Amino acid sequence: MKTIMELDNISKVYGSITALDHINLNLQEGEVFSLLGPNGSGKTTLLKIMAGIEKPSSGEILFRGVEVYENNTNQMRLKSTMVFQKTALFNTNVYQNIAYGLRFRNLSKKETDNKVKEVLKTVRLEGYEKRQAKKLSGGEQQRVALARALAIDTDVLLLDEPTANIDPKNVSIIEDVLSWVNKEKKTTMVIATHNIFQAETLANRAALLLEGRIVKVGTPQDIFTQPSKLLADYARLENVFTGVAIITKEGTSMIDIGEGVQIEAALQKLGNVSVHVRPEDIILSAQPLVSSARNTFEGRITEISDLGSIVKLRVKAGKDFTVQVTKRSFNEMQPNLGSKVFLAFKASAVQVI
Amino acid sequence: MANEIIDGLIKALQLIFSGDPTVVEISVRSILISGSATILSVLWGLPVAMILGLKNFPGKFLIKGFFNTMLGIPTVALGLILYLLFSKAGPLGFLRLLYSPAAMIIGQAILITPIIVSFVASAIESVDPDIKDLAKTLGASETEASIAVLKESKNGVVLAVTASFNRALAELGIVLMVGGNIAGFTSVLTTTIALETNKGDIELSIALAIILLLIVFVLTISMNLVQRHRT
Chain A
5 MKTIMELDNI SKVYGSITAL DHINLNLQEG EVFSLLGPNG SGKTTLLKIM
55 AGIEKPSSGE ILFRGVEVYE NNTNQMRLKS TMVFQKTALF NTNVYQNIAY
105 GLRFRNLSKK ETDNKVKEVL KTVRLEGYEK RQAKKLSGGE QQRVALARAL
155 AIDTDVLLLD EPTANIDPKN VSIIEDVLSW VNKEKKTTMV IATHNIFQAE
205 TLANRAALLL EGRIVKVGTP QDIFTQPSKL LADYARLENV FTGVAIITKE
255 GTSMIDIGEG VQIEAALQKL GNVSVHVRPE DIILSAQPLV SSARNTFEGR
305 ITEISDLGSI VKLRVKAGKD FTVQVTKRSF NEMQPNLGSK VFLAFKASAV
355 QVI
Chain B
161 MANEIIDGLI KALQLIFSGD PTVVEISVRS ILISGSATIL SVLWGLPVAM
211 ILGLKNFPGK FLIKGFFNTM LGIPTVALGL ILYLLFSKAG PLGFLRLLYS
261 PAAMIIGQAI LITPIIVSFV ASAIESVDPD IKDLAKTLGA SETEASIAVL
311 KESKNGVVLA VTASFNRALA ELGIVLMVGG NIAGFTSVLT TTIALETNKG
361 DIELSIALAI ILLLIVFVLT ISMNLVQRHR T
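Order-wise, the sequence lines are chains A and B. Following the working numbering, the numbering of the first sequence begins with 5 at its first residue and continues without gaps. Following the working numbering, the numbering of the second sequence begins with 161 at its first residue and continues without gaps.
So that you can see chain B by itself, here it is in the shape it has in the complex:
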């Protein structure tokens, strides 16, 4: 067994360094799908987070509670719900999205939206409450003042975006259920690792796992370095 692992590791490194087309293709697809999901969740999550962080209105705690609860949603459960929605007989079946990258992007975006909303809203709430008034008294309009507050919470925003991308990249349940791991079309790092290991192709799995970990580490460390440089 030990030999098998070492053997697998060596072959995995060979796959990575030789630029094996399958490895490259799956890695690039993973980054593209999770990157798109992150952008999508920022587009719809950031305005919600800004409203929650900057305004007070009745029922605000309920909405915040909802997003906080959604932080812990099991990916398989969300995957199943989306599968039922997107399947032929489902209410969104007419979109013919099941087993497509689009369904995977939407699924991951829904999964990580609570991270964007909760983290960014807390970051905005922790900004000195005088900052908004300060921006206004220096001549900013209401919108410009809100942007100044968002800028002050940029560390929290960067953390939320990084954590969201990492969660999207590393999740398996949704991409497996609505993507289907179709080779050359919807197979991504996590689905390939899970299924190739079952099939006994340990080298490819190890190679992809190394890449998955590398992406997460490199991204997180570089974000930390950028933040440290700025402050």
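Chain A extracted, bound-state conformation:
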């Protein structure tokens, strides 16, 4: 495979803060590369530098073997585009949003119309041309932003947490679209995420970014076999628990994660394990739950974050759990900080990392 972009000793300093510290990275043509790391590890800054919208403090970028500097940054910008984590949309309709980038690429009105139609079909928003972009739901807005990036057919597509803060249905649409684009259009992609499962599903290679430094580059699987301390550090991920597992009579594993909390997992593991439960797989209830779920806990809400169509809650039930519910069910329950709640999740929702 040919190298499409090469980062050579890239650093970025803001005042006394070093956001990126001597980054060396080669991006191969057609690959899906994942940047893994917690919030604040420098993922967004690195993507912005790769998109040509932020200048590195030092270091060199080569795009298709040509050094990128002040005067030709514009050319790289036309070949590499970024989709932001916090959806940014122009205050106009969907058509104008998607057509914006095409005007710099000398397309006729008819070609623009066709392109807009084509990408809206790709993100499954056919017929949305005249809708006001900012009045769409969070997930739909992110799909418009993705369509806008796809419309300009760049060689490199940079995605900053493309599925953070949106509901599961939109997450699966976006993941489908990304797989399709890479397969059909051979677009090189860099996906920044803190979701290791997304990295594993979508990416061929991944880099682990911690405090502005690349700690490891390899396949996503390589990265997961890092010592758990490192994983736990990077993960600052929600619902990652480490403990000692024993195998039960039923053939499942019972993992003691401390603070008197035991999690049952539908797998057979013995000894030290790290497990993860997706926030959307945990059922939240104001009443004690009668369910087939093997894991049920009682706790109190310690944090509520409103993310638009979904709400994230932190629940202290011995250990801290993060739970994700739709805005609608949140409004039906009307929980407050300190409210007593019940959590439940299936043994099959527990994944080993």
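By construction, these hints were calculated from the structure, which means they are not laboratory data. Treat the hints loosely; a few may be bogus.
As the list claims (entries may be wrong) - Here are the computed lysine to aspartate or glutamate pairs in the EDC-like style, where the Cα-Cα straight-line distance is at most 16 Å: (1) A:Lys138 <-> B:Asp290; (2) A:Lys138 <-> B:Asp288; (3) B:Lys292 <-> A:Asp159; (4) A:Lys83 <-> A:Asp180.
Claimed, not checked - Stretches of chain B that chain A covers, calculated by requiring three or more beta carbons in the stretch to come under 8 Å of a beta carbon on chain A: (5) 227–233; (6) 295–305.
All values derive from a computational prediction rather than experimental measurement. Ideal Cβ placement from N, Cα and C applies to all residues, glycine included.
Place chain B on chain A using the hints.
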């Protein structure tokens, strides 16, 4: 007194609907002078507002503070300063601008520049900071990206321009002091209303006041409608 007012009102309406040449001439001159002043202030105020809204540099807060303070400058004080500058013995006396429409346009333009600068700069600052990066990552150059930000703040820009024109049209101090209310040359709506009322020509004053209010209302309402239609 009540009869006088009603009588004046009826005669004023007659003046308006009969298309009285004096009424038409004064109204048109007012619109032209204040319109030119607005265009002039946009020409020099918009670049300043864009720099203040988009860039960060030392001393920026001082410049913003200056324009914010200037928002409340009394028109008579500004009129007096300009009178002294433009008068024969003044430093700009050689331009022979005193008592001319040009002096009135310059005076009003200076008066409303702080409105353009302050309102537009705030509108630009309130645009999502990612918009500029977004435009760039879609292929825009630095200048094209700044235009995209300005476009996002168009509601604020329209408001600033409307408010500026209204303030120019409605002010009296500057046009009176540097224009002099010369009939057929520099008399505008506000100066004529003030002086004709003193002279007892109440009908003409009422007619012109109605027109002044109509212009302000119609302009403001139509701008609101245009904005609502767009969003």
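Hint by hint, here is what the structure shows:
1. A:Lys138 <-> B:Asp290: holds (15 Å)
2. A:Lys138 <-> B:Asp288: Judged against 16 Å, a Cα distance of about 12 Å means the pair holds.
3. B:Lys292 <-> A:Asp159: violated (22 Å)
4. A:Lys83 <-> A:Asp180: violated (23 Å)
5. 227–233: violated (count 0)
6. 295–305: holds (count 8)
Hints 3, 4 and 5 from the list above are not met by this structure, while the remaining hints are.
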